[in-house]
Each structure stands twice: as C-alpha cells, then as structure tokens.
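Chemist: Sequence:
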Amino acid sequence: MLSELMDQLMLSSFWELGALLLALAYLVLAAHQRQGCWLAAAVSCCVYASIFWGAKLYMESLLQVIYVIMAGYGWWQWRQQGTAIEENQRGHHYSFKWHFKQWVWVSVVAVVTALLLQNYTDADAVWLDTFTTAFSLLATYLVTKKAMETWWYWLVIDSVYVYLYLSKGFVATAMLFVLYLVLVVYAMYRWRVDDGPAVQTT
1 MLSELMDQLM LSSFWELGAL LLALAYLVLA AHQRQGCWLA AAVSCCVYAS IFWGAKLYME
61 SLLQVIYVIM AGYGWWQWRQ QGTAIEENQR GHHYSFKWHF KQWVWVSVVA VVTALLLQNY
121 TDADAVWLDT FTTAFSLLAT YLVTKKAMET WWYWLVIDSV YVYLYLSKGF VATAMLFVLY
181 LVLVVYAMYR WRVDDGPAVQ TT
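The working numbering puts the first residue of the sequence shown at 1, with every later residue one more than the last.
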C-alpha cells in the first residue's frame, strides 16, 4: 500500500508538489512565528485554487481564495503586533448550544449551495466539497478566537479531505492532510498544556 502511494506521489504534478512544499513551509515558519509564513500560505493557496478549479472542486477553489485573503490579513496583523500570540491571552470555550446553532445555519447554507452547484454547474463531489468548505470556515473562525474546540473540527474535516483528495487523484495533497491530522492531535495537546482555562461563551 505504501509503495503504491509513493508511486502515485511521483506522478503528482509539479504544481501540486510545489503547493504541498509551500504548505509545509507555512507550518514550519508559523511554528517559529516568522512573518514569511503568510507569503508561503498565500502562494500555496493560489496554486491550490487553480488546481481545484481544474478538478471541478469549485468550493475548495473558493476556500483557497478566502485563505489567500486571510493570509494577507495575517501578514498585516503580525506586522502590526510583532508577534502571532498576545501574552496572557486566553481563548474562548463555546457551549454546546452555541455550536449547535452554528451547525444549523452552516448546514443550511451548505445544503443550498450544494443544490445550486449540483443543478447549475458541472461541479464534482458536490456534497463533500461544499460541507468541508463551509465547516472549514467555521473552524477557521474558531482558530481566530483560540477556541480549543477548533481542533475537533479539524480532526473530522481533515479526515474527510484525505478521502476527497485521494478520490480525485491528488495523492500528494492527501498525504499532506494525513500529516495535518498528526499536527492537529499535537496542537490539541499543546493547547491544553499551554493555554490553561478558557473563557466560557454561550
């Protein structure tokens, strides 16, 4: 199985491999709070946006464009603050009631979007593509709030992405998301150790 995956990896396009390396560079640079991480993220997302559009994963392509915008915001924020993390800042902990409300409206938006894509475009893997995109945006919002629950979202979302990208033949990207799953578990551990009690939000 591993040998087969490596063979498929070698068949991955130059652009996909380049985007993968830039995504890994983003993770490494962000871990060391280097502002250049945002440039790596922006270029990687631009490449992925083009790749996914060509594969008719239109919502994934749109998500990458949104991430490019967020990378620009992150670059500006880090330049203003001088650091990615404010000292003594505690994250939020959102109640189940809060999460349930978000699931309802995000799911409604996702269903409507998926139906429109299914009926009026030639988009592929419409339902997985749309729901992963919608909930990725919710998870990203939780990251900005330093909410511990964000990692549970990413654990599920990234697992689905592994399947989605393998099914579309993006082996290198699927392997990248396997690595992301490992990093999510590590992040869950580090946040529990470093952040301490969070602020409850209803």
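Incorrect hints may have been included.
[To be verified] Label pairs and their computed distance ranges (CB to CB): (1) Gly54 <-> Gln80: 31 to 39 Å; (2) Leu24 <-> Ile66: 33 to 41 Å; (3) Tyr73 <-> Val106: 15 to 23 Å; (4) Trp152 <-> Leu24: 18 to 26 Å; (5) Lys101 <-> Leu24: 22 to 30 Å; (6) Tyr163 <-> Val185: 13 to 21 Å; (7) Phe100 <-> Arg192: 31 to 39 Å; (8) Tyr163 <-> Trp103: 27 to 35 Å; (9) Ser50 <-> Leu183: 23 to 31 Å; (10) Tyr189 <-> Ser50: 30 to 38 Å; (11) Tyr189 <-> Gln35: 24 to 32 Å.
The set of hints was computed from the structure by calculation and includes no laboratory data. The C-beta atom is built at its ideal place from N, Cα and C for all residues, glycine as well.
Chemist: Determine for every hint whether it applies to the structure shown.
Modeler: Right, here's what the structure says about each hint:
The hint said 31 to 39 Å for the Cβ distance between Gly54 and Gln80, and at roughly 36 Å that hint holds. One distance hint, 33 to 41 Å for the beta-carbon pair Leu24 and Ile66, is violated here, with the actual separation near 21 Å. Range check, Tyr73 to Val106: about 21 Å between beta-carbon atoms, so the 15 to 23 Å window is met. Range check, Trp152 to Leu24: about 23 Å between beta-carbon atoms, so the 18 to 26 Å window is met.
Checked against the given bound of 22 to 30 Å, the beta carbons of Lys101 and Leu24, roughly 35 Å apart, lie outside it. Roughly 18 Å separates the CB atoms of Tyr163 and Val185, a value that falls within the hinted 13 to 21 Å. Distance hint check: the CB atoms of Phe100 and Arg192 are about 23 Å apart, inconsistent with the given range 31 to 39 Å. As the Cβ distance of Tyr163 to Trp103 is approximately 21 Å, the hint placing it in 27 to 35 Å is violated.
Separated by about 25 Å at the C-beta atoms, Ser50 and Leu183 satisfy the suggested range of 23 to 31 Å. Checked against the hint of 30 to 38 Å, the C-beta distance between Tyr189 and Ser50 comes to roughly 35 Å, which is consistent with it. Range check, Tyr189 to Gln35: about 26 Å between beta-carbon atoms, so the 24 to 32 Å window is met.
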